[in-house]
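So the sequence lines, in the order shown, correspond to chains A and B. Each residue of the first sequence is one higher than the one before, counting from 45 in our numbering. Each residue of the second sequence is one higher than the one before, counting from 53 in our numbering.
Derived pair list, reagent style DSSO-like, types lysine-lysine, alpha-carbon separation capped at 27 Å: (1) A:LYS120 <-> A:LYS160; (2) B:LYS160 <-> A:LYS66; (3) B:LYS112 <-> A:LYS66; (4) A:LYS229 <-> B:LYS196; (5) A:LYS229 <-> A:LYS120; (6) A:LYS229 <-> A:LYS160; (7) A:LYS113 <-> A:LYS160; (8) B:LYS75 <-> A:LYS113; (9) B:LYS112 <-> B:LYS160; (10) B:LYS129 <-> B:LYS112; (11) B:LYS196 <-> A:LYS233; (12) B:LYS196 <-> A:LYS160; (13) B:LYS160 <-> B:LYS225; (14) B:LYS129 <-> B:LYS225; (15) B:LYS78 <-> A:LYS113; (16) B:LYS160 <-> B:LYS129; (17) A:LYS113 <-> A:LYS229; (18) A:LYS200 <-> B:LYS160; (19) A:LYS233 <-> A:LYS120; (20) A:LYS164 <-> A:LYS113; (21) A:LYS200 <-> B:LYS112; (22) A:LYS164 <-> A:LYS233; (23) A:LYS160 <-> A:LYS233; (24) B:LYS196 <-> A:LYS164; (25) A:LYS120 <-> A:LYS164; (26) A:LYS229 <-> A:LYS164; (27) B:LYS76 <-> A:LYS113.
Hints listed in this document are in silico derivations from the structure and should not be mistaken for laboratory results.
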Amino acid sequence: MMNVIWGIILIISVACSIITGKISELSTAVLTGTSDAISLIISISGMMALWTGLMKIAQSAGLTSLLSKLFSPIIKIIFPDFSPESPAAQSICMNITANLLGLGNAATPFGINAMKEMQKLNSSPAIATNSMVMFVVINTASLQLFPTCLCILRQKNGSANPLDTLPTLWIASTVALIAGITVTKIFEKVGKKKNG
Amino acid sequence: MVNIGFFILPLIISIIVIGGFLKKVKIFDVFLTGASEGLNSTLSLAPSLIGLIVAVSMLKSSGALDIFTSFIAPFCKFLGIPSEVVPLVLLRPVSGSGSIAILDNILKNYGADSFIGKLASIISGSTETTFYTLTVYFGSVGIKDFRHSIPSALLADLTAFIASVVALNYFYKLHI
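Full structure from sequences and hints, please.
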């Protein structure tokens, strides 16, 4: 998908700059764009490293599994197809916890594990089950408590308080998550296939 | 309420360090392993960021972005989304690095603490790279039929965009 989008963006840019007569601006943009990218990488890498380091400690100290126990009552309501003790539910809990803490790297393996566990219960392996759809939709809604990259970007661009958007962000995020879960449940009821 | 953000970082750090001590984790060793993983994953972002930031700045400097934004602006106005964040809204579900590039650009041009800057921050923080997530998770177990995942996920994204605008407007009203 990105192959097409990227190509189209480049071609449109060049074509448009010819029409609008902004070819010199375009050339400058190519040159500054590359150095912008590198300075962006440099400015985010420090904080990202610190954060993943801290979260690794949290994981080793068992803080993440403690958190995921807290979620199991909610998991039970959202995923009625299996018990909270099942391996699928446990992977889901770990995935959600890792997402909340902004541990994208750790969240994905847990998530894939959860998908594999759910696939074992799937009677038609090419078609997604209700639980799978729900799980993936939850993962596409951002659940981060502390969006590291965002805070660094804000700080880098001169924000007086890079963290002040967090409360608003949590509200928007929660509303979107609830909407996602609700819509998914509605589609489940309306749709045809209803198995585990 | 606004300054809650300031307490989060010290709070999280203390909880983690104390938790680590209590469980007798070799905290600095573990920290180093995690930090080098984090550093590597940030570095692995570099190639796609270079490609996409160049693409975004080309699109902007050529004037194409302005033309496109003015086309779609009436629809977004209807939803309450300012036209300045439209490029972000369009690229957010498709590409993570692409939306980082656009967000950086918006923060630079309008200021991180302006309404537009804050809105762009909230939008990118409250949504995910939907199509990437769908592909990775369903792909990992060979699911071909995604059923209602795409409409559900996109509706959640749309809700996030609108909720961001509404919530930010509300917070502005509280403080002025």
